[in-house]
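A.B. asks: Given the structure of chain A, go ahead and fit chain B onto it with the hints provided.
Read top to bottom, the protein sequences are chains A and B.
Start counting at 1 in the first sequence, then tack on 3, and there's your number in our numbering.
Start counting at 1 in the second sequence, then tack on 177, and there's your number in our numbering.
For the record, the hints were derived by calculation from the structure and aren't laboratory data.
Take these hints with a grain of salt, some might be off.
Stated by the list, open to error - Listed below are the simulated DSSO-like cross-link pairs for lysine-lysine, each with C-alpha atoms no more than 27 Å apart in a straight line: (1) A:K166 x B:K219; (2) A:K85 x A:K258; (3) B:K236 x B:K219; (4) A:K121 x B:K462; (5) A:K85 x A:K95; (6) A:K206 x A:K279; (7) B:K547 x B:K504; (8) A:K258 x A:K95; (9) A:K85 x B:K462; (10) B:K222 x A:K166; (11) A:K40 x A:K246.
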Amino acid sequence: MTETRIDRRFKACAEQGRPALVTFITAGDPDLETSAKILQAMPAAGADLIELGMPFSDPMAEGVPIQLATQRALAAGQTMDKTLNMVREFRKHDDDTPIILMGYYNPIYVRDPLVFVKEAKEAGVDGLIIVDIPPEADDELCIPAMEAGLNFIRLATPTTDDKRLPAVLANTSGFVYYVSVTGITGSANMNATNVAASVNRIKGHTDLPVAVGFGIKTADDAENVGKNADGVVVGSVLVSAIKDSLDANGAATEKTVSAVTDLITSLAEGTARARKS
Amino acid sequence: MTTLANSMRSGPDDRGHFGIFGGRYVAETLMPLILDLEQAYKDAKADPAFAAEITSLNKHYTGRPSPLYFAERLTEHLGGAKIYFKRDELNHTGSHKINNCLGQILLAMRMGKTRIIAETGAGQHGVATATVCARFGLPCVVYMGATDVERQKPNVFRMKLLGAEIAPVTAGAGTLKDAMNEALRDWVTNVDDTYYLIGTAAGPHPYPEIVRDLQSVIGQETREQMMEAEGRLPDVLVAAVGGGSNAIGLFHPFLDDEGVQIIGVEAGGHGLEGQEHCASITAGKPGVLHGNRTYLLQDDDGQIFEGHSISAGLDYPGIGPEHSWLKDTGRVDYVPIMDTEALEAFQLLTRIEGIIPALEPAHALAHVVKLAPTLDKDKIIVMNLCGRGDKDVFAVGEMLGFDL
Numbered sequence: 004m005t006e007t008r009i010d011r012r013f014k015a016c017a018e019q020g021r022p023a024l025v026t027f028i029t030a031g032d033p034d035l036e037t038s039a040k041i042l043q044a045m046p047a048a049g050a051d052l053i054e055l056g057m058p059f060s061d062p063m064a065e066g067v068p069i070q071l072a073t074q075r076a077l078a079a080g081q082t083m084d085k086t087l088n089m090v091r092e093f094r095k096h097d098d099d100t101p102i103i104l105m106g107y108y109n110p111i112y113v114r115d116p117l118v119f120v121k122e123a124k125e126a127g128v129d130g131l132i133i134v135d136i137p138p139e140a141d142d143e144l145c146i147p148a149m150e151a152g153l154n155f156i157r158l159a160t161p162t163t164d165d166k167r168l169p170a171v172l173a174n175t176s177g178f179v180y181y182v183s184v185t186g187i188t189g190s191a192n193m194n195a196t197n198v199a200a201s202v203n204r205i206k207g208h209t210d211l212p213v214a215v216g217f218g219i220k221t222a223d224d225a226e227n228v229g230k231n232a233d234g235v236v237v238g239s240v241l242v243s244a245i246k247d248s249l250d251a252n253g254a255a256t257e258k259t260v261s262a263v264t265d266l267i268t269s270l271a272e273g274t275a276r277a278r279k280s
Numbered sequence: 178m179t180t181l182a183n184s185m186r187s188g189p190d191d192r193g194h195f196g197i198f199g200g201r202y203v204a205e206t207l208m209p210l211i212l213d214l215e216q217a218y219k220d221a222k223a224d225p226a227f228a229a230e231i232t233s234l235n236k237h238y239t240g241r242p243s244p245l246y247f248a249e250r251l252t253e254h255l256g257g258a259k260i261y262f263k264r265d266e267l268n269h270t271g272s273h274k275i276n277n278c279l280g281q282i283l284l285a286m287r288m289g290k291t292r293i294i295a296e297t298g299a300g301q302h303g304v305a306t307a308t309v310c311a312r313f314g315l316p317c318v319v320y321m322g323a324t325d326v327e328r329q330k331p332n333v334f335r336m337k338l339l340g341a342e343i344a345p346v347t348a349g350a351g352t353l354k355d356a357m358n359e360a361l362r363d364w365v366t367n368v369d370d371t372y373y374l375i376g377t378a379a380g381p382h383p384y385p386e387i388v389r390d391l392q393s394v395i396g397q398e399t400r401e402q403m404m405e406a407e408g409r410l411p412d413v414l415v416a417a418v419g420g421g422s423n424a425i426g427l428f429h430p431f432l433d434d435e436g437v438q439i440i441g442v443e444a445g446g447h448g449l450e451g452q453e454h455c456a457s458i459t460a461g462k463p464g465v466l467h468g469n470r471t472y473l474l475q476d477d478d479g480q481i482f483e484g485h486s487i488s489a490g491l492d493y494p495g496i497g498p499e500h501s502w503l504k505d506t507g508r509v510d511y512v513p514i515m516d517t518e519a520l521e522a523f524q525l526l527t528r529i530e531g532i533i534p535a536l537e538p539a540h541a542l543a544h545v546v547k548l549a550p551t552l553d554k555d556k557i558i559v560m561n562l563c564g565r566g567d568k569d570v571f572a573v574g575e576m577l578g579f580d581l
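This is chain A alone, in the form it adopts within the complex:
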């Protein structure tokens, strides 16, 4: 594959001597208009890469915060068309910040994977993270995505041992997403020492950047994990900030966008400190 926005962004962060901050929101949460505003405001707040969740009715790997975000988005009428449109609109103002669509296979499968990867590429998407399609099924989505010019980013987990790691890494590009705990998103805090050992183990198998997610909640977490990870992924606390900013009827308020951007700015201070001490 030729160099992608994701490759360029990780390289740029490395040159600046810091880990990349990867931020997640669910597309359409709490409504399409507010979600689009948050998306547009994320890079200036300090997000280096953006993961945009494609809402799915049955998010099996998500903890309560992202489950609720998904439900808010679906209740507000979010669809795959609208999610792809959000990316198209974002690209009118930002040609550098990578966007990775994250979600589950079924909404892509019913659309037809070959059609979907072309639409996503055309909309300005850079990569895909699809939770429930393992390397054993690479022919269905991963290979078509690569051929369309999208990075297909795989999750490696504490259960991915050295024997299995080569299979997981084989068709991975862009970066490797290390899941810091066995569990669901937004679960208990990870152990930074164990995570560092795991990141180093993965780096022994690949030259790709390794980003770490699941359980990173504060700027201090981002700083600690970012000492040897190439990227730090934050999601559940951001969608929880959205939830906490809503009014009694669950509608967005004037605080909703800034609730997310303020938190991103604080997390970015954590990643900026990571290599300084």
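C.D. replies: Frame of chain A, contents of chain B only:
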């Protein structure tokens, strides 16, 4: 019985597919566990001691073989084909679910697992799981939709008596699909010690194969008992299909017998026009959920519907992948039965044969009621009476307006 060169009974392939259906669509954290399970099951199948232990427990603990009963009065009443019931409702715990649970808990122990989790809809699988956990002394957590906890109170209490912890699930509509999501979330968190004891012939490979193999005792016994009773195989098999474990258990040993017509009965709920039903095969389309590709009730954007059925055990928007394949190959026909028809069949069987069926097989029975009168008297129907109705009497009483 020999396996034919072009057998319908040879699936799944080594990637867990039945045609395009099945497979292993799970998060990476679970992949090594699923691969371990696949290997452990292969080893167990090759070990005669594993089969011997299941056979012994089936006989002495469950009470197998279950009788094949000629329903004489119902046959007379309907005035057509002879109707036999495979009486798996007489099993210990009251349904076919125990067949699967015994085999899987032996497998879990072979793998050194020390904690069992399960999902349940009607509570029959939860009760069977809690039972085998009590029998073998393992802790058990059962995920059950909050809606189902409410409408299946007798089974909730049974599980608690058996020592299981009940985890009510409030996400979504609080039914079987949501319970399965939550069980998967538990498994992905507790990877070292926990065995996920799936109750139906669905989920990622190798579960559909394991559950089918363990339930196939139903069909194997039926063949032998039918040969003894009538000296020939039946003309028609009928079974209710939610996830489809009792049905695949009855059907699988007969798939290569071309003369045997096979019918799966789906929950038609309030009718197939809206979303108030669970007829995944009749009204759904292929998709990927809970680890496998299969027919699913979903919208054009791939969002899964909650579904509805009077029977909590059929209240699932998908179906086991082998059924999806059997539908597409044309080997098995799938038909819907509405809530009201199932409720009528429930009452009919109770009064005419003195058997209170669960609402799940009442769906199969409602189809038998339609089918039998259209067939000659020398034809034979076997229906899987896969569960007893004790758990449903309060809910049915309310629906019929009794003051309980």
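A.B. asks: Next, verify each hint and record whether it holds.
C.D. replies: Tested hints:
Note on K166 (chain A) and K219 (chain B): the hinted pairing holds, with a Cα-Cα distance of about 20 Å set against a maximum of 27 Å. With a C-alpha separation of about 23 Å, the suggested pairing of K85 (chain A) with K258 (chain A) holds against the 27 Å cut-off. Distance check on the hinted pair: K236 (chain B) and K219 (chain B) sit about 24 Å apart at the alpha-carbon level, within 27 Å; holds. Under the criterion of a C-alpha separation no larger than 27 Å, the hint pairing K121 (chain A) with K462 (chain B) is consistent with the structure, at around 23 Å.
Taking the CA atoms of K85 (chain A) and K95 (chain A), the gap is near 16 Å; set against the 27 Å cutoff, the hint holds. The suggested pairing of K206 (chain A) with K279 (chain A) holds, with an alpha-carbon distance near 22 Å, which does not exceed 27 Å. Straight-line distance between C-alpha atoms of K547 (chain B) and K504 (chain B) comes to about 21 Å, which keeps the hinted pair within the 27 Å bound. Between K258 (chain A) and K95 (chain A) the CA atoms are separated by roughly 25 Å; this keeps the pair inside 27 Å, and the hint holds.
Taking the CA atoms of K85 (chain A) and K462 (chain B), the gap is near 23 Å; set against the 27 Å cutoff, the hint holds. For the suggested pair K222 (chain B) and K166 (chain A), the alpha carbons sit about 25 Å apart, so the restraint of at most 27 Å is met. Between K40 (chain A) and K246 (chain A) the alpha-carbon distance is near 16 Å, which keeps this suggested pair within the 27 Å criterion.
In this structure, none of the earlier numbered hints is contradicted; all agree with it.
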